[in-house]
Each structure stands twice: as structure tokens, then as C-alpha cells.
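S.K.: Assembling the complex is the task here: the two chains are given apart, and the hints tell you how they should meet.
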Amino acid sequence: MKSLLHNTVTKKNTNKYGQFDQLNGNHPLKEFVPEAYVEYQARQKKSGKVYYFNFALAKQLGLISEDHPEKMNAEIEKKILETFNIVIINEYDNIHNIKHPPETIKENTYMATRYLQLQHPSKQGKTSGDGRSVWNGQVTHHGVTWDISSCGTGATRLSPASAKMHKFFKTGDPSISYGCGCSEKDEGVSSSLFSEVMYLNGIRTERVLAIIEHKNGLAINVRAHPNLIRPSHFFAPLKQNNYEYLKKMYDYYVTRQRENGFWSDYPKDEIEGYEYFLRKIANVFATMVAQFEDEYIFCWLDWDGDNILMDGSIIDYGSVRQFGLFHHEYRYDDVERYSTSITEQKIKAKYLIQTFVQMTDFLKNQTKRPIKIFEHHHVLKEFEKIFEYQKDKNLLYKIGFNNSQVSLLLNKHRKIVRDFRQSFSYFERIKSIKGIKKVADGINWSAIFCMRDILREYPQIMQFRNGFLTSDEFIEIIKSSYATKKDLVLNSYRKQMIHVFQEKYMQMVDMVAAEVNKSGKNILCEVTMRSSVINKYDRITGDAVTIIVDKILSLKQGPDEIYKIMHDFLYFQNHDPSKIKQLERHKIKNTKGVKNLLEIVRSYREGI
Amino acid sequence: MRLVFYGGGDEEENISLNHALIKLVKSSNPVITYIPACSYDADIEFSYFARHFKKFHISRMINFPVDIPFTDILLKEVLKSDIIYLGGGNTFYFLKTLKDVGLIPKLKKYALEGGILSGLSAGAIIMTPNVKTASFPSFDCDLNEEKVTNFRSMNLVDFEFFPHYKNSIRYEDELKRYSNKINRPLYACPDGCGIILDQDKISFIGKNYCFYKGKKILLKAA
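Protein sequences appear in the order of chains A and B.
The first sequence maps to residues 1 to 608 in my numbering.
The second sequence maps to residues 1001 to 1222 in my numbering.
Rather than coming from a laboratory, the hints here were simulated on the basis of the structure.
In this text the structure is predicted, and so the values were computed from the model without any measurement.
Backbone N, C-alpha and C fix where the C-beta goes; we use that ideal spot for every residue, glycine too.
Just so you know, nobody snuck in bad clues.
Label-pair ranges, simulated between beta-carbon atoms: (1) P1137/B <-> H68/A: 32 to 38 Å; (2) E1145/B <-> D333/A: 38 to 44 Å; (3) R602/A <-> P1137/B: 30 to 36 Å.
This is chain B alone, in the form it adopts within the complex (with noise of 0.2 Å):
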């Protein structure tokens, strides 16, 4: 499996880890799809995504909001790509619409089959077993407006993911508290940080950090 996760930030924040996922693409006309987590800004967010990727010679790209109607034309393309970029917003949200059309399976085989995978921020915590780090710290937390009750998601590694991460005692606190309840690692990853997971390779970019069974490890990066 070929996955990255994207701690959050905008384009040129992440330049790094742009590289980082371009480098995974083995054809020389790759395509991009970008999928958002909602679709009432998609135009925006796209507009930028498509700008910032055709400076790394991408000319294939498609914006593929999922909250509302698609046709099979345009899916059949979308998991023909050779990235599938999910984009940041509200993971209950997304998760919630991701669920309701059915491509929590479709891109879970797609990442299995060999396709990249990647997420920004939602789209990040989404490839992971469960969407739980989106409701806390009470501070800085996704709302779940949509109501969402069961958490579990694409399951795609076994670690749970924590993006926007800001190296403070309180964020330090609530992350401690949550690693001590779970038997797998969080990582929590800052701005224009993330994680590339090249096959069995795992890397890091930036200064990012494991939280596990209350402890705190800064991580190497590559």
C-alpha cells in the first residue's frame, strides 16, 4: 500500500510532502483526484490544489465532490487515478457522505490494489481505523453536526492519526490521556507535517510526534 497523511496547512506549506507523494507515482502522465471534504468551497479548494499540482508537471486532474450526485462515468475515472487526494474539512461530515454513497469500500480496494491514497487533515484520519481524534481536544474539535455515532472508518493502517497537532501542554495532555486507552500508536502530526507509508516503509516529514500508552516520542524525519 502506498498512503500519505497530511498533518494539514495549505499548498505551500506542504511542498514537501507533495514531493514526497509524487515521487510514490510511477507513470509519466499521472492523473490526480481530488476528492473534498465538502462540496459548497470545492471549487476553491480545487482551484488552488490544481494550480499548486501543475507546477509538478500534473496536467490529468479531476475535482470529485462526493456530497453530491455523481455519475459512474466520472467514478470509473476516479478510481482509474493514479492519486486519490481526500481533502480536509469536517470528518464527520465526510465520513458520514462517504459512507452514504458507498466508497468507503471502493477506496479501501483501490488503496489495497495498488493505488496512492492520500488525506490532508479529515482526509488523513479517514484512512485510519476510526475517525475518534476529530472529537477532541474540546478546543480544537470537528462538530459532529451530522450526528455521526459509529466512528469506525477505511482501517486502512494500525495507527490513529491527530493532524494540526501544536506542541503545548494541553494539546499534550488530551493526547497523552487518549493513548492510554487505545493499543495502537497515535501519531500527531503539525502543519505541513505527515507521514508517507511506501509499502512495509514507513517515513516521516517534519516534526512529528507518537503518542503511546501515555508517552510522547518526537520522530525522526526522513
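Isolated chain A (complex conformation) (with noise of 0.2 Å):
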């Protein structure tokens, strides 16, 4: 298959900011899979400004300079402006024959992509796809190839509202909401600070590059990604039946991953290649998923697989929450039916990969074989064997232990490892006696204990103590605000769990202490550096975004100190020990507005 990289400016482009020309509505899939998608003209709008502009982001994108300074300047604006501020000449325009100046109209054609989504009638994603974006193009920097796409650039006739009433929606329609085309400055921003903590914090997500503001709170949000393509893109075709697009499909995503040097070592044999892709594809779901419920992430997967990216990237953060405690109850109402919940995320990413199993065995064949005889295929296994080490090594690191003490305990002290992993389950999915609740969008059982807590303490004190806790100094340390008095009895079960935690907990570290030849309280300082960072009092959630977007919405303020308090407010949400050295120390100040940002982090600290 030819490369994907042609239409990257790869002579050198002496305007400033003529890398930005690349974003013009060309992209390769249009080329090499015709049939994923439906093309617009678009024009430029006339009003609108720049409220966000991701400085850092952009120069990682090579968009700009790496020394550019991150203030806006007219020619940049204007640049942004000229680029992203677009709106698509839909069908309704068309049919009612609404005429726009033609200088206004824009030289090539945006794509909004076909892919599957399961709130459409008909299942097969004949209707389905981007509702409201298009894709604005690709830009290449320092290797990695980038698909840039916007979403508030009017109504496409993939939009759920147009496919279940059978008809055109102008653009801005206020009769409907979902299908009107537009995107709010509110979700541009909530994503843009969300996904910034993500990425900050290693977590795999799309990222906002810029927002472009209009009247009555409406907007364009730009997002960027090594790799747009969705799980959905493939499960369009595949329940088509139809083999050419699929393959086309299939051969573009792994022709951009090998290009990025993500697959390189990809196999030249077809059939190879297919156990390769299921390989990749398992071992990123189960990775993904294990993250997900260790870090208490909320993603809605289901089997239409259109919420996350191919490589687990969080995409679409609508109704994405991080939680505080293990709130594993919590259901998002999305009226006609209650989301899966964060346990339940691991089902569905285990049957995305079936599905997979599905398509592959679909594109060898070019016969579709029903979904359930690949049940008990090998790749299954693989993916519960991944989740499983993943849950053990993710809990290693959030105790506080180093890479190598992680890789020494999963390697030879696993069965100690399962144990404690066994204890500290119970403790972070013990639910509170009242019951499920309502809550601001959907349905919560609250969880009780806040582990962070006692994984930050818990080193601390055992650097001092030759016993274990007392089981009240355990729950003491523990509780949580949600924790009533009747929550926190403690009866002979928990009382044994108290000690299997702590017995457990200092097994391991005796056994690192002895592997390197320090003593337990050495290790356990060590243990405390980290699990200070990791487990920091603090934690961003759902609901703290909510609020914080609220008030960065409240600032009166230009596209710079929106970009700065954001960027400061990032520096206090790092849990990363490795990244610590890597932060602007003396250079972030605590100012007023931050410090506002920080005690609204920390009033919802336990939240959903």
C-alpha cells in the first residue's frame, strides 16, 4: 500500500505559519477507503475568536515553533481563525438552495466519517458517524503523523437526530439539540482540561488544540490525535458485510501505524498480519481497561466500540468521569438507558476484542461467521491474562514501589502480590449502608473507603512501627466522608482483612529489601517519596471538572490567561514520581485564581 504522507508540505514553508496549510481539509482515508465517508464543502465563518489555543500542543504538532512564546498574536489568530473557523455547506443548504458569497467558500472538501454507533436505527452504521465534526487534515512533525478533526462544524447527515427522523437539519436548529451541528464552548473546555490531566498523568486520550468561540455559549472544538480512527470505523463494514471497504479500512489504520512507528515490526504475511493486529489490538484493550478501573476512570464502552480510539485513547468526554473513591455502582443516565458501569467496562472491552476476532477471521475468509463461535478464541485468554497482570502491576505502582521492585514482585512473589491485591479489593469496593442514589446524572452506591489515603500513609508510619496498625487506627485512617458510623463496624471478616492488608504489604517490601539489601525502612522511605506523588491528597474528578469549567467559563479573560491558568493549574494535578523532575518548579505560581481551581479539586476530592 502507498504511503499515507502525501499531502504533508515537506518543503520547507518559509511563512511563519504555513504548516497550519496542511489542515485544509485533505486526509488520506478520503484516497484510500471512499466509502467512509461523506464530504462537504465548507465555508469561512465571519464571526468567532479564539478563546483556547493549546501553545504546547500545537509545537509538539510542529504548528509552531518550540520557541514560539505562548502568547496570541494577530498573524497566529488570524491563522487559527482562517483554518479551523469553518462551517460545512450541508444538505439542507443545498436543498433549499441558500447561496453563500464565494469568497467565502473554501478551496477543498472536509470528510465526516462513517462509523458505527449504536443510538442509530439501524445498527449497521448506514447512517452513522460524525454528527457534528469533520476532519480537518493531518500534520506530520518529528516522525508522527497527527489527524486533526473538528467537532461544531454543522450538521452532517450521520447525526442520530437526522437518521431517526428521516430528514436534513440546518445548521444551529434549535428544535434539536444532538443534531444541530454545534459543539459547546463548555464541552470545548471541559475536554481541553480533562484531557490534559489525562495525558499528563499517562493516560491515552485525544486533546483539545483549540477553541474557537461564538455567540450563545456555541463553539468549534479542535481535537488532535496520532490516529482518529475508532474501533467503530471497522465495526461499520463489518456488520455491512462488506469485505472491500473493510479491507480498505483495515489497510489504511495498519499502513498510519506502521508509518508512525507504532507497528513497525507489522509481519509481511497477510495472515501474520491479522494474528499481529489481534495481538496489538488485546493487549492495548486489556491494558486499557485494567488503567481505567485502577484509576477509576468512567469511559462508556460498548459493543458499538465508538467512545475510544484504537489505541484506547479516551475520545468524546461527555460522559467521562474520574472518580474519587472505587464508585463502581455509578450508572450515567443517558435517558433512554443506564450506561455499563466501571467493572462492567472490562465485558465490553473483552467483546470489542471478539469482535475483532470476528473481522479478522472476516477479512481471511471474506465470509462472515457469527460473533459467538469466537468465544473461547486464544486471543481471549490473552486479553484476561493481560488484564490480570496489569491489575497486579498497576496496584504495585500505586503502593509507591519503583519499575524494577514492580517487576521483581510480579516475577517472583506474584502469589503474595494476589493476596494483597485480594485485601485492598475488598476494602475499595465496600459500599456504603444507605443504598443507591440519585445523583446530578445518573445513579451512585457509594463507595466508603478512600485507599489513597492509606496507601499514602500506611509507608509513612510503618517506617516508625515494628507492628501492624490496630484495625480502628486502619479504618481511622481509611474512612471516608461518605462513611457513616454503622459503615464503619467492624466485624471478624474485616477485621482479618485489616490484617491479610497489612501482613501482605510488609511481606513485600521485606522482600524488596532483601532482593537489594536495604533495610524494610529504607524501602519504605523510598515507598513514601513515590506514593506521596501518586497518591497525592488531592485527585481532579468528574465533578470537580464541572465546577472548575464553570468558573474558568466565569473569566472575563483573553485566549492567553485562559491558556495560563490552565497550563499553571496542570502542574498541581501531576501523580506522576518520574515526571516531578520534569515540572516548572519556581516557575508556577499559586496565584488567587489557581488556588480558587485547587480547593474545588479538593472539595470533590471523593466524588464521581
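M.R.: Here it is in C-alpha cells:
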């Protein structure tokens, strides 16, 4: 297959902001998979101004130079608006013969991609896809090609509203909300803030490049990722039994992964290639779903593979949350139905892998067989194995062991790790006696123990203790504000689990100490240092994001100030001890504005 | 009493003072507790702090933010530490927090009973009779967002302390003016400089100054 990099501007562009010119609607997917998109003409919008521009990300994409000041100027603002402040000329415009000044019409067309979405009646992806987004194009920098798309660029024929009501909508039609083709500024700010916190902490995600502000709280939100293909992009042709379309989609995806250097060892043999693909995807999804569980990230996964990218990156922060405690009974209320819960994400992820098995079988044999016959496929067993391994690994990392200590414990003392995890999970999953309650956007049955607190405090205390904490002391540390007196009653099983927790924890410390010939107290000091970062008291939650977004939106400030406050806020959101040295210590001031946001994070630290 | 006052600066700038601090310790396996002025970036500051003191072969350390809930279990260990180090930050916020959680008398008792108490910038000011020096000069002062009106602090020494001192006319004028209003010495220490009080003996590290009754005196370093 030929290269996907054909539209990259390779010659040296003398214009300071010339790299933006690549984002002109051209994208190789158009050429390689014509079935995968609907094409729209677009026009330049007159109104609109830059609300936010992610300078750090723009540098990563090579859109601006590394030494570009993180401040807006007239020239870059003009360029951002020229590039992203567009609206499509859609079916409604054409049917109603709406004329636009020719000089406002962009030279190239833009694509809205097709993918499967379960909320569409056909359930086959024939009508679904980017309902309010188009792809601006791709940019390549330092050997990585990024896709850029914009949300809020007008109503496409692929929205659920068009499919259900069998009509085309005018962009901005107030009679229909999700289907009018618009996006809101708060969505952009929320996605930007949340995704940058995730990115900082090693969670794969789309990122927000820019927010173009319009009247009435509307906005165009521009996002970037090295490959914006979702599982649902494959599942549409799969459901339609369209081999040609699926094969082209597959080849396109693999070529991009290879060219980006992510899958440089992809085999030449076609059949081996499918096996490679399945192993990679199973690994990605098992790792991702274990990470989501352990970081308490709620991301509504379902069989259509719409809310996630192929590399497990979060896309679309509409229903994404991060919990402060393991609120594993929370369900998002999507009017027609409740979402999956955080623990059910694994089941859905596994089913996605099963669908990929069916898909590669279809690609091999050109005949689609029922999905059920693949339920015992070896890749699904591999998925389970990786998931369990990652769960153990994530917990050891959360305790505060370093990479070599984690490897040692996983390779030589797995049984102790497992026993510890069992006691840890026991406390993590205990729920309030109050039962299920309605919350702002769904239902929840609150967890009552904050495991971050015990992981942070325990190694500190054990530097000085010769014996274990008493059960009362242990409960005193882990209890959250959700716990009532009745929740905290100590029965014999709970006491036993407190003992197991401490016994296995200290056994692991001793194993590590023996291996590196240091004292247990010494290891506890190292663990304390790392754990105080990983399990810091404050942790952003979905509730906190909602309030912080309102706070940011209430600021009457320009893009430089908005960027600065978000940038400074992020300094305090790092949970990765290895990144401490990279943080701009002494440069970040805990200003009143930032402090206000941090206070919100603190207030909602145990929430959903 | 054994007290160490740091004028400010980072770990590398304070290496001589840190040496002097460690020299005060009698135990062979000492414990240091770090009390940050504010918990928001306490993990970052503790990371630097702990990494630095590991170089002195200290292998037991506690990070003890006081503006978030803490248990008596950890507090008991804190008050048994060989050294308690009060971090830098906003002096008013730090003082208010320490008062709110009832730690001022406990830390005072700790110091009077032989514990080594040290403080950097805001942490050092808090060991003196009051925190008025945090409120001037106008071009380099802490914002009193907490609206603290009672400036009285630990009162462990009979001098006042001005951190981050820069040897310039505008600082000098401000400090001379203030020293005329008080009846005790005002020690001004630049970043990387500071004071060691070991029982009755006071010594200085770096180029420190004393302002007294409108006069400025350069202090001889140890």
C-alpha cells in the first residue's frame, strides 16, 4: 500500500505559520477508503474568536516553532481562524438553495467519517458517524502523523437526529439539540482540561488544540490525536458485510500505524498480520481497561466501539468521569438507558476484542461467521491474562514501588501480590449502607473507603512501627466522608482483611529489601516518596471538572490568560513521580485564580 | 533549644545550612518531618526535599501537610522526629493553618523539649515572636488573603526574621525603618544564608545582616 503521507508539506515553508496550511480538508482516508466518509464543502465563518489555543500541543504538532512565545498575536490568531473557523455547506443548505459568497467557500472539501453507533436505528453504521464534526486533515512532525478534526462545524447527515427523523437539519436548528451540528464552549473547556490531566498522567487520550468561540456559548472545538480511527470505523463495514470496504479500512489503519512507527514490526505475511493485529489490540484494550479500573476512570464502553480510539485513547469527554473513590455502582443516565458501570467496562472491552476476532476471520475468509463461535478464541484468553497482570502491576505501582521492584514482585512473588490485591479490592469495593442514590447525571451507590489515603499514609507510619496498625487505626485512615458510623463497624472478617492487607504489604516490602540488600525501613522511605505523589490527597474528579469549567467560563479573559491558568493548574495535577523533575518548579505561582481551582478539586476529591 | 533559620532558596543553595542542620542531630538513624506551608504542591516539594536529604543518609522521612486532615497516629510520630522542617510559602496561610489545627503550642513544646526545629522563609518567620516581616516591603510581601489579624507566632527567639533579603537600597530603607519601630534585632538573610541557634550559641551561614534601631550591620559568618 502506498504511503499515507502524500499531502504533508515537506518543502521548507518560509511562512511562520505555513504548517497550518496542511489542515485544508485533505486527508488520505478520502483516497484510500472512499466508502468511509461523506464529503462536504465548507465556508469560512465571519464571526468567532479564539478562546483557547494549546501552545504546548501546537509545538508538539509542529504547527508553531519550539521557541514560539506562548502568547497570541494577530498573525497566529488570523491563521487559527482561517484554518478552523469553518462551517460545512450541508444537505439542508443545498436543498434550500442557500447561497454563500463564493469568496468564503474553502477550496477543498472536508470529510465527516462513517462509523457504527448503537443509538442509530439501523445498527449497521449506514447512517451514523461524525454528526457534527469534520476532519481538518493531518500534520506530520518528528516522524508522527497526527489527525486533526473539529467538532461543531455543522450538521451532517450522520447525526442520530437525521437518521431517526429522516430529514436533514439546518446547522444551528434550535428545535434539535444533538443534531444541530453545534458544539458548546463548555464541552471544549471540559475536554481540554480533563484530557490534559489524563495526558499528563499517562492515560491515552485525544487532546484539544483550540476552541473557537461563537455567540450563545457555542464553539468549534478542535482536537488532535496520532490516529483518530475508532473500533466503530471497522465495525460499520463489518456489520454491513462489506468486505472491500473493511479491507481498505484495515489496510489504511495498519499503514498509518506502521508509518507512525507504532507497528514497525508488522509482518509481511497477510495471515500473520491479522494475528499481529489481534494480539496488539487485545493488549491495548486489556491494559486500557485495567488502567481505567485502577485509576477509577469511567468511560462508557459499548459494543459499537464508538467512545474509544483504536489505541485505547479516550475520545469525547461527554460522559467520561474520574472518581475519587471506587464508585463501582455509578451509572450514567442517558435518558433511554443507563450506561455500563466501571467494572462492566472489562466485559465490553472483551466483547470488542471478540468482534475484532470475527472481523479478522472475515478478512481472511471473505465470509462473515457468527460472533458467538469466537467466544473461546485464544486472544480472549490472552486478554484475560494481560488484564490480570496489569491489575497486579498497577497496584504495585500505586503502592509506590519503582519499576524494578514491581518487576521483581511480579516475577518472583506473584502469590503475595495477589493476596494483597484481594484485601485491597475488598476495602475498595465496600459500599455505603445507604444504598443506591440518584446523582446529578445518573445513579450511584457510594464507596466508603479512600484507598489512596492508606497507600499514602501507611509507608510513612510503618517507618517507625514495629507492629501493625490496630484495626481502629486502619479504619481511621481509610474512612471517607461517605462513611457513616454504621458503615465502619468492625466485624471479624473485616479485621481479618486488615491483617492480610498489612501482612502482605510488609511481606512485599521485605522481599524487595532482601533483594536490594537494604533495610525494610529504607524501602518504606522510598515508597513514601513515590506514594506521596501518586496518591496525593487531591485528585481531580468528574464533579470537580464540571465546577472548574464553570469557573473558567466565568473569567472574562483572553486566550493567553485562559491558557496560562489551565497550564498553571496542570502543574498541581501530576501523579507521576518520574515527571517531578520535568515540572516547571519555581516558575508556577500558586495565584489566587489557580488556588480557587485547587480548592474545587479538594472539595470534590471523593466524588464521581 | 536547637533552631535553624533558612533565608530561602532551593536545596542546592542551602547545602551548607543543611550540613549544619544535620550536625545538630545526635541520633544515628534520624527522622526528619517536612511540614509544607501549603499542601497543594507538597508532594513536589517533599520529593525534592527527600531526594536531597537522602544524600545525607537520612532514610526515614515524613511528609506532613497540615492544611488537610491528618490522624493522631501520624502526628505522634511527627512529634517524635529528630528534626521538624517548616517549609516556605505564604506565611499568613501557614500561620493560620498551624493555629487552626492547634500545632503552634505542640511545635513550641517540641522545640523546648529538645527537638530540632527548622524553617525556611515562611517557616522561619513562624518561629519568631510574630510574622509582621511577611507583610513588607510592598514590592515583595506575602498576600494576606486569609485576613490574618493576629500576627503573634511561636515566639521561640527574641529576634525577628526577614527572608529572601536582597542587599539593595530599597530593601535597606524598608528594613531600617521597621527596625526603628521594634526593640529587638531584625535579622535579614538572603537565599542560601541563615542562622543556627544551638542552645546559647548563635552562628550565621552566608552573608547575613542585622538591622537594629535604624542601623544595618553585616554579620560575621561562622
